[in-house]
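These protein sequences, in sequence, are chains F and L.
Position 247 of the first sequence, counted from 1, bears residue number 247 in the numbering used here, the numbering being contiguous throughout.
Numbers given in the numbering used here equal positions in the second sequence, counted from 1, plus 1000.
Worth flagging that the hints you see were computed from the coordinates, not collected in a lab.
A virtual CB, placed ideally from N, CA and C, is assigned to each residue, including glycine.
Hints may contain errors.
[Claimed, not checked] In silico DSSO-like pairs for lysine-lysine, Cα to Cα no more than 27 Å straight-line:
#1 Lys1080(L) <-> Lys141(F)
#2 Lys219(F) <-> Lys1257(L)
#3 Lys136(F) <-> Lys147(F)
#4 Lys136(F) <-> Lys121(F)
#5 Lys1184(L) <-> Lys1257(L)
#6 Lys79(F) <-> Lys1006(L)
#7 Lys141(F) <-> Lys17(F)
#8 Lys136(F) <-> Lys1006(L)
#9 Lys134(F) <-> Lys1006(L)
#10 Lys141(F) <-> Lys119(F)
#11 Lys136(F) <-> Lys1080(L)
#12 Lys147(F) <-> Lys1184(L)
#13 Lys79(F) <-> Lys1257(L)
#14 Lys119(F) <-> Lys1257(L)
#15 Lys17(F) <-> Lys1258(L)
#16 Lys1184(L) <-> Lys134(F)
#17 Lys219(F) <-> Lys1006(L)
#18 Lys1184(L) <-> Lys79(F)
#19 Lys1006(L) <-> Lys147(F)
[Said to hold, decoys possible] Covered stretches of chain F (chain L as the covering partner; in silico rule of three or more C-beta atoms under 8 Å from a C-beta of chain L):
#20 87–101
#21 203–217
#22 225–233
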Amino acid sequence: MNDHTTDQTINYAIEAKHVSKSYGDLRALNNVSLHVRTGSIYGLIGDNGAGKSTFLKLLAGHIFPTSGEIRLFGQFEEKALLRCRRQCGVMIEQPGIFPNMTVENTLEYYRIQKGIPGKEKVEEMLRLTNLTEKRKSRCRKLSLGQKQRLGLAIAMIGEPQLLILDEPINGLDPSGIIEFRRLLLRLNEERRITILLSSHILTELQQTATHFGFLSRGKLLEELSAETLANKCADYLEIAVSDPEAYAALLTRRYPDTSFQVLPDRTIQIHRCLEPEVYSSLAAQNGLAVRTLTMHQSSLEDYYMNLKNGGNETC
Amino acid sequence: MLNYMKSELYRARHSAEIRGTAIGLLGLILFMNLILCLMSGLPHFRYGITSFSYSMLVSMPMLYCYVAGDVAVMLYESDKRNGTLGNSIAYGISRTRIFIGKCIVCFLTALCLLLLALPAYIISAMLLLEEAGPTMVWDMLAELPAVSLIAIAALVLAILLLELFDNSFFSILAWLVILVILPKILLLAGMGMASVSEFLLDIAMWMPANFFSAGMQVNMSECITVWDTAEGMARCLLSGAAGILAFGTVGVVLLRKKEI
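Work the whole structure out from these sequences, hints included.
In structure tokens, the structure reads:
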């Protein structure tokens, strides 16, 4: 079911192996095995309470797994994990700011903590996140979107190889979302930063992520690449004709490149299809009656809902 | 850990709360000595002397603990709520190092406040008040080594409790219970059982809240402090060292796997 293959040659920035996390009787994560390739943008999708934040907190070391193993850049021992976390930038739930300190001082605090030489790094982060004008503002006076941007600047100031962002576009206005998306794509492309981000705004993730993982009620339902998802979510056509077997033979003869399948209810599902008229004409020309012809268009949302409700792998 | 401590010191330097505490402390000291000075002109007013001013601090050594606890609260009370502790952990700084780093930074911050407040206290008293009475500058200065380890222990305990509990109010309450209320309960229980066994009373008398209140006479006619004698000074130092060791060990053990 999963797109991921256990290939020793693939470099993973994050690997979770059979990770579970319980709070008393509540199982927040249940046997989750997840893989984030180095250099990818991984979208973690799930409803509220699906376990997204719990998983990200495990990665950040805020909480500990009840069972299973977390690997960062292939390392899993406690001390090695601490070292690996120095290559991570994290923003989970809140940006981690001091309300009474200025934006500039907050960034300077984290610059010192992360041992980054030179104050110009603070300037760079202010520029990168468009906060230069707000440098002297106290953090408590920032808007939600500005706080999110400051959170990203804090996560970025350590020059991380891996960014872990929990609902990063929460509170951003539409132009802020576009700006944020561009920034993430730029960081991924130019600096080869691996990004793991969670969101329940699926359309946004669809435009950013190269890989997806679907969490529901603490379980990882599936993980796949954007390419595989695109194939699975491609438009398809369903046609019901008087003689499906004859129509299938016709399809194979006339359009050998067409991918189709005859479903148990004797309708034919055609993937990567041409215009609908092509298929209705084919039936009519060969004396077959077309009972129904439906064009299906699907999105990541449809796919997720279908997956969550226990549907099959296509949309 | 050095970078973490440097960043925390930077924060302390830019903290409005610490600045407020420093200004408040200085203001309070100057206000007290000024009021004593102004009132010394009144007939039959005996308190406009340095001894009375000094005795305010000498008679209440637990004040050092309260200020140390206050500095810890000012610096770290909102670390979890603001998510700043989470950021430090996510950056791979171990909880043990964070705890030890916070204790050191808090101590240095409290020391800076002391270095600011104490000279202001002594100089303003000397300038504004008549030098007379049993309590001398020396008593105040001798108090410093006596209470220093105890104040550090109080500070370590405050940081431990702030890290341990999610609710700061509960942390402060627990701090007061451990430092003040529990010793008093033990003292009362020990006094009640003194006819049978003095064991409980002996233990209670090793607690600063008890030996500072029971073993001292500081007033307008005399100044007898715990740290006057070698035995008393040793009790102060041992009690403080034991507190640092106990609270520090408990902190390292309990916070090592503390989830946030």
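Against the earlier hints, flag every one the structure doesn't satisfy and list their numbers going up.
-> 5, 7, 12, 14, 16, 17, 18, 21, 22
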